[in-house]
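Chemist: If you're matching them up, the sequences are chains Z and D in order.
Mapping the first sequence onto our numbering, position 33 (from 1) lands on 33, and the numbers just tick up by one.
Mapping the second sequence onto our numbering, position 33 (from 1) lands on 33, and the numbers just tick up by one.
Calculated directly from the structure, the hints in this document are not laboratory data.
Remember, predicted model here, so these are calculated numbers, not experimental data.
Where a beta carbon is used, it is the ideal one built from N, C-alpha and C, also for glycine.
You may find that some hints are simply not true.
Unchecked claim - Example chain D residues on the side facing chain Z (calculated, C-beta under 7 Å, incomplete):
1) G42
2) L91
3) G107
As the list claims (entries may be wrong) - Covered stretches of chain Z, going by a simulated chain D footprint (3 or more residues, C-beta under 8 Å):
4) 45-59
5) 96-108
As the list claims (entries may be wrong) - Each pair of labels, with its calculated beta carbon distance range:
6) D/S87 x Z/R10: 18 to 26 Å
7) Z/D54 x D/E18: 47 to 55 Å
8) Z/D54 x D/K78: 41 to 49 Å
9) Z/K69 x D/E18: 42 to 50 Å
10) D/T7 x Z/S28: 38 to 46 Å
11) D/A98 x Z/S70: 25 to 33 Å
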Amino acid sequence: AQSVTQPDARVTVSEGASLQLRCKYSYSGTPYLFWYVQYQRQGLQLLLKYYSGDPVVQGVNGFEAEFSKSDSSFHLRKASVHWSDSAVYFCAASRTGGYKVVFGSGTRLLVSP
Amino acid sequence: NAGVIQTPRHKVTGKGQEATLWCEPISGHSAVFWYRQTIVQGLEFLTYFRNQAPIDDSGMPKERFSAQMPNQSHSTLKIQSTQPQDSAVYLCASSSGAGAEQFFGPGTRLTVL
Chain Z
1 AQSVTQPDAR VTVSEGASLQ LRCKYSYSGT PYLFWYVQYQ RQGLQLLLKY YSGDPVVQGV
61 NGFEAEFSKS DSSFHLRKAS VHWSDSAVYF CAASRTGGYK VVFGSGTRLL VSP
Chain D
1 NAGVIQTPRH KVTGKGQEAT LWCEPISGHS AVFWYRQTIV QGLEFLTYFR NQAPIDDSGM
61 PKERFSAQMP NQSHSTLKIQ STQPQDSAVY LCASSSGAGA EQFFGPGTRL TVL
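My request is simple: use the sequences and hints to build the entire structure.
Modeler: Below you can see the structure in the form of structure tokens.
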């Protein structure tokens, strides 16, 4: 079955530190991959997406993610986090050309001062 | 472009009452999705429409829940005989085509007393 796994329910980092949020997918073939962010009491917003090509994709607000086919992973990174990055981050995937998106369980990021 | 619009933002119902949630997708988007979000279950897929036709309702509870899309400008999610366990944030999203990212509304917070 198609699935997306985010192994870390909560991550705490200090402001200015680097960040990696982990995501593993289980799909036949290479899926389309997404990272979304949800700030408190808001809907989800797209950070970045990967369809094909360069495995490192850049997103908004200094976020980037790297696709690895061998590892079935799509980890999110940021070089230096800000307190405003505190939010819930969702990794998601869809089959190539599909409409339906499967979401991971989310990782709650807390940036401490 | 106002984004995906959901109304009401908050709804409080008594146990056994009916609740109808509205979603207006982004103009021109062909697919509309409904999700339910709770702290315990996380983000759960409910159903989606493509070009107004119901495509996949595999996440919908078999009783009391129904969704419709009578025209391209709005979709409704109806919950009959609401129960306290229906309390959640209901999110609507739309997308422009296969493989495209989903744009989310702010959600409707349903509280069943």
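Chemist: Falls inside 25 to 33 Å, the C-beta gap from D/A98 to Z/S70?
Modeler: About 26 Å separates the Cβ atoms of D/A98 and Z/S70, which means 25 to 33 Å holds.
Chemist: For the range 41 to 49 Å, tell me whether the beta carbons of Z/D54 and D/K78 fit it or not.
Modeler: Given range 41 to 49 Å: holds, Cβ gap about 45 Å.
Chemist: Has the hinted range 38 to 46 Å been met by the Cβ atoms of D/T7 and Z/S28?
Modeler: holds, 39 Å
Chemist: Taking the Cβ atom of Z/D54 and the Cβ atom of D/E18, is their distance within the range 47 to 55 Å?
Modeler: Holds, since Z/D54 and D/E18 (Cβ atoms, about 50 Å apart) stay within the stated range.
Chemist: Would you check whether D/L91 satisfies its interface hint, that is, whether its CB is within less than 7 Å of any CB in chain Z?
Modeler: With a closest approach of 6 Å, the D/L91 hint holds.
Chemist: Taking a Cβ-to-Cβ distance below 8 Å as contact, does the segment 96-108 of chain Z have at least three residues touching chain D?
Modeler: holds (count 10)
Chemist: Would you say the C-beta atoms of D/S87 and Z/R10 sit inside 18 to 26 Å of each other?
Modeler: holds, 23 Å
Chemist: Going by Cβ atoms only, is D/G107 closer than 7 Å to chain Z?
Modeler: holds, 6 Å
Chemist: Taking a Cβ-to-Cβ distance below 8 Å as contact, does the segment 45-59 of chain Z have at least three residues touching chain D?
Modeler: holds (count 4)
Chemist: Mind checking the CB of D/G42 against every CB in chain Z and telling me if the closest is under 7 Å?
Modeler: holds, 5 Å
Chemist: Evaluate the given range 42 to 50 Å for the C-beta pair formed by Z/K69 and D/E18.
Modeler: Holds: the Cβ-Cβ distance is about 48 Å, inside 42 to 50 Å.
Violated hints for the displayed structure: none, as all numbered hints are satisfied.
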